[in-house]
Amino acid sequence: MLRVSEHVELTDTGLQRRANEDAYFALSPLFAVADGMGGAQAGEVASKTAVDVLAEGIDGSGSVEARLSDVVRKANAEIHALSVSDDARAGMGTTITAAYVGENEVTLVHVGDSRCYRWRGGKLERLTDDHSLVEEMVRQGQLTEEQALGHPQRSIITRALGPEASVEPDSQTVDGRGGDLLLLCSDGLTTMISDDEISTVLGSEDSLAQAARDLIAAANRAGGRDNITVILLRLEELAGDDQSEIEKTQVGLSVADLPEAQAAAPSVGGAAAVERRLPRQAAATTKRRRRWKPGLGTLLAAFVAALVLSGVYFASQAIYFVGADNEGFVSVYQGVPYEGPLGLKLYREDYVSGINLSQLSPATRATITEHRLRARSDADDLVRQLELGRLGGASP
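Here my numbering is used: the first residue of the sequence shown is 2, the next is one more, and so on.
Worth flagging that the hints you see were computed from the coordinates, not collected in a lab.
Watch out, some of these pointers could steer you wrong.
Pairwise CB distance ranges, derived in the manner of DEER restraints [what the hints assert, rightly or not]:
#, residue 1, residue 2, range
1, Glu147, Ser205, 21 to 31 Å
2, Glu165, Lys124, 30 to 40 Å
3, Gly122, Glu7, 42 to 52 Å
Subject to a maximum C-alpha distance of 16 Å in a straight line, what follows is the list of computed EDC-like cross-link-like pairs (lysine to aspartate or glutamate) [said to hold, decoys possible]:
#, residue 1, residue 2
4, Lys75, Glu57
5, Lys124, Asp181
6, Lys49, Glu79
7, Lys75, Asp53
8, Lys346, Asp326
9, Lys75, Glu137
10, Lys124, Glu79
11, Lys75, Glu165
12, Lys75, Asp60
13, Lys124, Glu198
14, Lys124, Glu57
15, Lys75, Glu206
16, Lys124, Asp196
Even for Gly, the Cβ is constructed at its ideal location relative to N, Cα and C.
Given these sequences and hints, build the entire structure.
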């Protein structure tokens, strides 16, 4: 089962444009790049409208490919309606290239000349075909790939969202593997540097953030004639169920075992936080004051307590729970939902999904906020089922 282990997004105005008309959407498992066109900031409106429609989700029945295509058609209709209602926005449009990471595959929906590439096993593969005049000439054998890079009409696209009342997006579903790296980008990158140069960058950087910066820097060194947007996302395969028994054996404790633990689970954005209180302890009183000096026994007790707490902390890192971050997005946490003395957190965020608590049914929301301790495979599977729309009213 696949998920996005890490992703990075970066956009740059370039060296020759005054404004950035690119937009992007990046909320796992859905990612998209849009490159707007049109005067008087109309391109910015078109690209932003496209990603705003994507942000509404891809609810409905049918395959992910069909539903994502329907959302792109909806975006086209909204952009077209805006363009015909305002003379200043007449003819505005945008490209869109969207990728949805499914259980074992990646679904792509595409209009225009923004692109999606897959880096696998040291090789770069382009997964989308440009809807552009120059690309059509290449496909018909009238131009070579090298000639297309420097062609004066390379920016003329033959299909976009907005100019026409209806549009038919290209769609496909390709296999995904752990370790795959996907690149979504606007043509501000691909009209400036070649696929070979992209390969060199992706093959030489382990850091996605650095690779994104290097790609944009390379496009700017080549002239930076357009806005440049890059999304990089790495896929991983979730651990199998065979690890759960090992994790359970390593843990051997529950929340009740934690000494003087204070509930400190991540808060639920937009909803009432779940609060767990410990029994109030009676205050210790003395009838007289005296200067306190720690004796040997006290020091030994403190040392033993520190050892116990450190053991609890390290043991807690072998278990997981599902909760929600400060913005209400369902997340997987490593550790237990408590803090020890001196503010020592016994958990850390491991993965943030694209599912918000507001999308879930009350029963499923309660399951998430109860913070039940789980094996990693169990926590990952629960969140993945939510992302795939199989539980609790959330739809991918």
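Going down the list of hints, with the structure as the test:
For Glu147 and Ser205, the hinted distance range of 21 to 31 Å is satisfied, since their beta carbons lie about 23 Å from each other. The given range of 30 to 40 Å is respected by Glu165 and Lys124, whose C-beta atoms sit roughly 36 Å from each other. Restraint check, Gly122 to Glu7: a C-beta distance of roughly 19 Å breaks the suggested window 42 to 52 Å. Distance restraint check for Lys75 and Glu57: the Cα-Cα separation of roughly 11 Å lies within the 16 Å cut-off, and the hinted pair is therefore satisfied.
Taking the CA atoms of Lys124 and Asp181, the gap is about 10 Å. The hint holds against a cut of 16 Å. Between Lys49 and Glu79, the direct Cα distance comes to roughly 11 Å. Compliance with the 16 Å bound is thereby established for this hinted pair. Our distance criterion of 16 Å between C-alpha atoms is met by Lys75 and Asp53, whose separation comes to about 11 Å. With a C-alpha separation of about 15 Å, the suggested pair Lys346 and Asp326 falls inside the 16 Å cut-off, and the hint holds.
A hinted pair counts as satisfied when its Cα atoms are at most 16 Å apart, and Lys75 with Glu137 does not qualify at roughly 26 Å. At most 16 Å may separate the alpha-carbon atoms for a hinted pair to count; Lys124 and Glu79 exceed this at roughly 38 Å. Straight-line distance between C-alpha atoms of Lys75 and Glu165 comes to about 12 Å, which keeps the hinted pair within the 16 Å bound. Pair hint Lys75 plus Asp60 holds up; C-alpha atoms about 12 Å apart against a cutoff of 16 Å.
Using a Cα cut-off of 16 Å, the hinted pair Lys124 and Glu198 holds, with the two alpha carbons roughly 12 Å apart. For the hint linking Lys124 to Glu57, the alpha-carbon distance of about 34 Å lies beyond 16 Å, and the restraint is violated. At roughly 38 Å between alpha-carbon atoms, Lys75 and Glu206 are farther apart than 16 Å, so this suggested pair is violated. With a C-alpha separation of about 10 Å, the suggested pair Lys124 and Asp196 falls inside the 16 Å cut-off, and the hint holds.
The structure fails hints 3, 9, 10, 14, 15 (numbered hints given earlier, in ascending order).
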